[in-house]
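If you read the protein sequences in the order shown, they are chains B and E.
To convert a position in the first sequence, counted from 1, into the working numbering, add 18.
To convert a position in the second sequence, counted from 1, into the working numbering, add 3.
No lab work stands behind these hints, which were simulated from the structure alone.
A couple of the hints might just be wrong.
Coverage of chain E stretches by chain B, computed from C-beta distances (three or more under 8 angstroms per stretch; other residues unrestricted) [unchecked claim]: (1) 163-175; (2) 263-273; (3) 286-292; (4) 389-400.
Don't be surprised by glycine CBs; every beta carbon is placed ideally from N, CA and C.
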Amino acid sequence: MASAVAISAPRPTSRRQVLIEKLIGCGFVFPVCVLLLLLNIVPLGVLALLSFTDYQMGAVDFGFVGLDNFAKALGDPVFRRAVTNTLIYVAIVLPGSVVLGLFAAVLIHGRLGSRPFYEIVYFLPITTTIVAMAAVWQIVLHPGLGPVNAVLQRLGFEPVMFLSDPAFALPTLAVIGIWQLVGFNMILFLAGLSAIPRDLYEAAEIDGCGSPVDRFLTVTWPLLGPTTMFVIVTSSITSFKVFDTVVAMTKGGPMGSTEVLLYAIYLEGFQYFNSSYASVLTLIFLVFILIFAVIQTFVLDKRVHY
Amino acid sequence: MSMRSWTSLASVAVIAGMLGLPGGAARAEVTLEVLYAFPSFARFHEPIAQKFQEQHPDIKIEFRAPVPDYDEGHQLMLRQAITNQLPDIYYSGFHLLRELAETLEKRDQIIDLGPLFEAEPAEWRAENYSETLLALGKVNGKQYGVPFNASSPIMYYNRDLVKAAGGDPDNMPSTWDELLDLAKRINDLEGDVTGISYDVQGWPDPWLWEAMILQQGGRMVDENNKVAFGGEEGMRALQIFRRLVDDGGMMLIEREQSRQLFQAGKIGMYFDSPALMRQMTDMSEGKFALGSTTFPLDNKEEGGVPTGGNLAVILSQDEAEQKAAWEFIKFATGPEAQTLVVELSGYMPTNKGALGPDYLGPFYEANPNFKTIAEQMDRSRPFGGHRGNAVRLWRAQRDIINNYMRGNLTPEDALQQLVTETQAVID
Numbered sequence: 019m020a021s022a023v024a025i026s027a028p029r030p031t032s033r034r035q036v037l038i039e040k041l042i043g044c045g046f047v048f049p050v051c052v053l054l055l056l057l058n059i060v061p062l063g064v065l066a067l068l069s070f071t072d073y074q075m076g077a078v079d080f081g082f083v084g085l086d087n088f089a090k091a092l093g094d095p096v097f098r099r100a101v102t103n104t105l106i107y108v109a110i111v112l113p114g115s116v117v118l119g120l121f122a123a124v125l126i127h128g129r130l131g132s133r134p135f136y137e138i139v140y141f142l143p144i145t146t147t148i149v150a151m152a153a154v155w156q157i158v159l160h161p162g163l164g165p166v167n168a169v170l171q172r173l174g175f176e177p178v179m180f181l182s183d184p185a186f187a188l189p190t191l192a193v194i195g196i197w198q199l200v201g202f203n204m205i206l207f208l209a210g211l212s213a214i215p216r217d218l219y220e221a222a223e224i225d226g227c228g229s230p231v232d233r234f235l236t237v238t239w240p241l242l243g244p245t246t247m248f249v250i251v252t253s254s255i256t257s258f259k260v261f262d263t264v265v266a267m268t269k270g271g272p273m274g275s276t277e278v279l280l281y282a283i284y285l286e287g288f289q290y291f292n293s294s295y296a297s298v299l300t301l302i303f304l305v306f307i308l309i310f311a312v313i314q315t316f317v318l319d320k321r322v323h324y
Numbered sequence: 004m005s006m007r008s009w010t011s012l013a014s015v016a017v018i019a020g021m022l023g024l025p026g027g028a029a030r031a032e033v034t035l036e037v038l039y040a041f042p043s044f045a046r047f048h049e050p051i052a053q054k055f056q057e058q059h060p061d062i063k064i065e066f067r068a069p070v071p072d073y074d075e076g077h078q079l080m081l082r083q084a085i086t087n088q089l090p091d092i093y094y095s096g097f098h099l100l101r102e103l104a105e106t107l108e109k110r111d112q113i114i115d116l117g118p119l120f121e122a123e124p125a126e127w128r129a130e131n132y133s134e135t136l137l138a139l140g141k142v143n144g145k146q147y148g149v150p151f152n153a154s155s156p157i158m159y160y161n162r163d164l165v166k167a168a169g170g171d172p173d174n175m176p177s178t179w180d181e182l183l184d185l186a187k188r189i190n191d192l193e194g195d196v197t198g199i200s201y202d203v204q205g206w207p208d209p210w211l212w213e214a215m216i217l218q219q220g221g222r223m224v225d226e227n228n229k230v231a232f233g234g235e236e237g238m239r240a241l242q243i244f245r246r247l248v249d250d251g252g253m254m255l256i257e258r259e260q261s262r263q264l265f266q267a268g269k270i271g272m273y274f275d276s277p278a279l280m281r282q283m284t285d286m287s288e289g290k291f292a293l294g295s296t297t298f299p300l301d302n303k304e305e306g307g308v309p310t311g312g313n314l315a316v317i318l319s320q321d322e323a324e325q326k327a328a329w330e331f332i333k334f335a336t337g338p339e340a341q342t343l344v345v346e347l348s349g350y351m352p353t354n355k356g357a358l359g360p361d362y363l364g365p366f367y368e369a370n371p372n373f374k375t376i377a378e379q380m381d382r383s384r385p386f387g388g389h390r391g392n393a394v395r396l397w398r399a400q401r402d403i404i405n406n407y408m409r410g411n412l413t414p415e416d417a418l419q420q421l422v423t424e425t426q427a428v429i430d
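The shape of chain E in the complex, shown without the other chains (with noise of 0.2 angstroms):
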């Protein structure tokens, strides 16, 4: 790549000597490779880079192929990273930034964002981005990513099937409590029908898990990196989980699985990324009234949910290519990039300016189904992003999950044993 970019560079200058002409005002152009995760999302990065290439003509936005989701992508990077192989741009997962920021640090294959964000006026910085997302992208104190797509749970519901057990789809409980006395009484109804569906055990990552720590306030991990669950949160998310089962009537089943469910209308409430708004609308036309609603909070005060997403960071170590980088990932984290991609997904904007009547305003006021992920965006959480391997300590809590729920733990073991597993993979 820079490679290419060197000797591209090269032959401008000799073209520029033969002709004579002042070295500067021959520009050239520069090529960014991009990587992204989801091949899917090729609908919205695709007429984002279309549109900054149009803007921008002297530089040109090359992506990879993308990769099967977050896990892999970071997998690759840790090779390429190796092979110097890296491309200029590419999107974290939030939850393995931590991991890719360290181990490429030590390289030198990353760069810190705070420099360039500190060279912009900051009145643009106040009116483009939120802090507590911007502190989402930090790790060690250092900016090395802005986020781009970011979303939190929220729930999805069969407002005919809510109508049908007496509840009110216009006004669904926003406490657990009173959400899964919902779930009971449509899970009584008559036919093969579930209450609810909350894929905690089934997840590829903790999202769900941790949104329940979350919602009450509390937290995964201490400052001093130390588990800060083991308390009164775990033991209340293990309940909440047991009465999933028993009183909502959930099958432990896979995610893919449970979604088809839900989108065949045999689920009353189902709990997934507002991603997927655009997908369920479509697939649920016809079938039955689509509703979705914010994540319940028991605490309202303190109480958040974590936000996954992925983040755009620089690999590139050519400085021409760092500028034109940065000058991509203000685009496509910008107000006009951000209305596409909320447009075209359900993704809940990464920024500010974009939730304005120039943008998503009159759209929000057209589909509100899309509009529940803007209405979370002030309690958002951090996701992850914990000491230890992401990946192992997933799977290490997830099997105690998965056991508790199946009925094989008392709720006082599985919190022990969570407790434990976990303080053994972050140390």
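Just chain B, with the same shape it has in the complex (with noise of 0.2 angstroms):
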């Protein structure tokens, strides 16, 4: 046994080693495989299982119903409904935000003294609960007592019922998403700004690239391409998923114009207890993160990386 081991010697031992440190590896991932298992995988299973049935919540019992559920939902004007408001949504706060954020950190990094105050201030919506914040939004937008309608007031204009007119509610709350956003993409912008090495502005000057508008277009927003490609990824799904605002503020109404996919899920789930309904448009919810995820990753990944 130890002579062959000697003859063949380093190749034996090697695959022992390596087979050990297989072992320890897979030792190492598998309480979070297990974790990954449990938490994940078998409720997305049973969410799976739950979306071909009937079940209700509180029923003692459920039979199988193929497809109908998929059927109902792509026919179902109130679902559609929450698809259109999500995609406005997103298409409002993911530019606003982005943009924004940028602007914000591009102005804030080249101060020195103020740079913490503005990042304390601009970072200050993030710390806030939403629901606290739903409430003094809901004064200073009120159509009677707020301080922005005495402003339209005053320039001449009518007041405007920002959370309670249809026309205006959605955009209402995609507002609030972006100044709730808005800290958070800044902070991800000011340490790409922090990445970039000096030479390079010191070398665009050279090149004659004196004004501002010049070193931020040949400079800084090529070397920020990846960050700005997370910030557009986190955004999108951030804001895909909008749900508080909802409920602390409109929920849902007025006529249904700031109900959002995760809203209506909630609906279905919890105050219809319709729940194999609810676990369809929650998988189709996942395709659709999925899809936003997979898209940007792999189209956005390889225009950013030089």
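Mind assembling these two chains? They're in different frames, but the hints should get you there.
Here you go:
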């Protein structure tokens, strides 16, 4: 035994070593795998299973209905409205929060003494609870008692019912969404900015890039590519998952104008107790998020690395 | 819960055995877990529990963290039914009782209080409970709940604005046409004053919508589960809603925003629960003179008002706990506890005895606004409780009413849509 090992010395030992290392590696990964299985994969499986049934919350039994729930979802005007509302919301919040976040970051980056002050000011919205802030927004936007409408009226406009007019409610929530996200995006951009080497700016200046706009377009913006991609991915997923402001401020109203995807799922699952249909909508929601992440990672990835 | 009481029961038995005591002498302490909605209602739930425990030292009341509203409590009950974590006593919203009872009944997790009532003397029942109110706690012929808080919409008004518009604040109109005329006059006053606010389109439940049908003596659904408001009553309700906006200047905003405006003295008349009487009284102090009156009825004979609120149900499956829970419910719906509820909130008392001179008589004498709700007690009609999911039904109806009040639908189209959508959810 011992001699056999000695003859073909290097290979079996290394093979054994590799095996041991693999086993140790598996040992390290094992707890995470179990957690992933228990917390993500199994619930997802249950969700998928439920979506083929007619289960109602609290019911003692259920039957399988095949693809009925999926067919219903595709033809459901309420669900379609929720998808449209969500996309409109994302279409406003995503560019708004990215552009403003970048703008704030570039402006603050050059400041020396006052930088921490601005950082804190812009970051404050993230540290507040939205339920408490919702009350503040409701007062600020109050049609009769709020300061915003007082200013509008002073300027000669009719008061706007920001949260009660179906035409204004969703854009209003989107603006609040931007307010929530700008600070976070700004911090990410600031991190990206500090990673840009100083000498590139000096080189650009020697090459004739004098104005700040030129410097931004030739150096800052291209080098912020990876950061921008990351910010876009996280911002779109965050805005796609909008829920808390809807619950705290409009409850999907007026007239369903702020009923977004997650709120529609919440209504079906926890207000109408239609667990199986809510499962289908959740699956569709997950597919949306997945598509977002995949497109952005693969398409944008190619264009931002040098 | 029942686990804990079993162990405590067992340990008491063991100790009793060791000391050689006769089994019956040691009384086990029963702990009841109670859940109610609206955290601010702690102001009467807590003192009631305290008084009860003074009188029943062998029963301990433990409140679970209150849920924000009836809907969330309802969802929690349905979830906890599955995981077997239900409280022993729960205060369910009137309009959600049917769904709760029908779901829990199948799982054997709710009890019929009928036999418990029958075991008590008949005079006691007659002295304390109004049969009209008790009927609100019945589902499919079984008495699942005893009304604890009850209220129907009343009208709050700003006496100063009414006077300024030439109305008599001590003698408010009692029909809708006269009321809307007054609302128009208030709305026409100088300044940014609105005549009336009846926030049916922004209400979290169909309370004010049903009120407008019931006040005409109509009903929402007939005994065959067919929509019953599709005729004259529905049309009349929609016409009143139109005039609220056109004549009364009503703004289509959120309920809280309306309430804030009324409390700031900028709305003439405002409809809400009498449970806000305490808050309204405090908020209006120093700003304007607050008035209140019963809900105007177009049909004085058959008209009524939908009665919302909550009722106590027993969800415990343990016999000793059920007995203790019944004692607690009798106390909480008794005259002493109900007096506390009324004085601390403004609700309608659910106990007949509480109206007597020993209890609420002197309080009503001193606070006439609080008496308004008691004056429409005999006009109580059931609220909600139709077949189909209540939340889905109201979201559908509310959107149509909102769209109509914004002037996007003719009354005929709106009524047609309301009937179709309602029937679709009920079926």
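Now for the hints, and whether the structure bears them out:
1. 163-175: violated (count 0)
2. 263-273: holds (count 4)
3. 286-292: Our answer is that it is violated, as 0 residues pass the Cβ test (under 8 angstroms) against chain B, missing three.
4. 389-400: Contact hint for the region 389-400 of chain E vs chain B: holds, 4 residues under 8 angstroms.
Going down the numbered hints, you'll see the structure goes against 1 and 3, while the others check out.
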